[in-house]
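Colleague: Letter by letter, the chains look like this.
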Amino acid sequence: MLFKPVVRRALGWAALIALIALALFGLWGAPPDGYQGDAQRLMYLHVPAAWIAYFAFAITAIASALWLWPRTRATVWDRVAGSSAELGVMFTALTLILGSLWGRPIWGAWWAWDARLVTTAVLFFLYLGYLALRRVPASPDARAKRSAIAALIAFADVPIVHFSVEWWRTLHQQASVFDPAHKTNITGVMAFTLWLGVLAFTLLYIYLLDRRYLLAALEDNFDARQLDQAIKERQAGAGTPGPAPVGQSESEIGR
Amino acid sequence: MTNVGYVLTGWLLTAVVLAGYWLRLTIRIRRAERLDDQS
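As given, the protein sequences belong to chains A and B, one line each in that order. Quick note on the working numbering: the first sequence kicks off at 405 and runs consecutively. Quick note on the working numbering: the second sequence kicks off at 63 and runs consecutively.
No lab work stands behind these hints: they were computed from the structure. Even glycine gets a Cβ: it sits at the ideal position worked out from N, Cα and C. Among the hints, erroneous ones may be present.
As the list claims (entries may be wrong) - Quick list of the computed label-pair ranges, beta carbon to beta carbon:
#1 B:T64 <-> A:V410: 39 to 49 Å
#2 A:V480 <-> B:L70: 36 to 46 Å
#3 B:A77 <-> A:E637: 39 to 49 Å
Next up, chain B with everything else stripped away, as it sits in the complex:
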């Protein structure tokens, strides 16, 4: 594969960004639901 560094960086970065956003969203939703239950 040519330019493997650029290709793999792009694909890995995309995976990290999307997974990171989903994870952060899930954590924030759980925290908000906990606060919702407490009040």
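Bound conformation, chain A alone:
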């Protein structure tokens, strides 16, 4: 695990409290939007989910770079990269689903071939491919190396997703908070609720990253022990009998 048990427990409770507060403000505390009505309440989940997905993929990219750099190479970075990518995929899936649910009443469509939507879907499938790549059998070093390279390539899509609403004419609205024109389009209780969502999802991400890391470490240790055991059994088996009769396969000898 990445944190001490007391820190992990505190993070878990803080995330839960922040999520409950977010539900209270998001569903009741914040007023309905003047144009979109109550459908806009999906923003308090959709936007934080998208930001945390970016953040998770950024952590994957940084951890991958740290693994590739010989001076900082350590198993911890490979595990952090894989764990963070899995969380990023989950938050990207949530972003897409919530966006679709929000788009239906506002745009009149579940999906549109819009630059922001398409690049986000591409991001989802890129990291789904990254997770699949991690499951392809290989030595830990070979797996970490190819995963790290794939993570850095996949991360190139993140700025494209973010700036897609500026670079192309899209159905998706432009930035409301980090507006390049430095105009704040969201204020008061709505802004507070949005930032509460970001805080809640960030705490949850850190807590889940620690849990996922622990699982990755346990699975790695288990795999390593299984491999050691298999090698010992193989060596013990190969040491006892004489030369194999013609036609007997190597696997049969080891049994």
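We have chain A; now place chain B onto it with these hints.
Modeller: For chain B alone, kept in the frame of chain A given last:
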């Protein structure tokens, strides 16, 4: 509340996805810890 179906579906779905992921992770960690203790 307008568009209540979309809003509640979104919030409920988010809760189910997050809680489901946490639960699955907890079960997998416990199973891995059990295997770790056995070996």
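Colleague: Please go over all the hints and tell whether each is borne out by the structure.
Modeller: Outcome of the hint check:
1. B:T64 <-> A:V410: 39 to 49 Å: holds (45 Å)
2. A:V480 <-> B:L70: 36 to 46 Å: holds (41 Å)
3. B:A77 <-> A:E637: 39 to 49 Å: Taking Cβ atoms as reference, B:A77 and A:E637 lie about 47 Å apart, which means the hint holds.
Against the hints set out earlier in the document, no violation occurs for any number.
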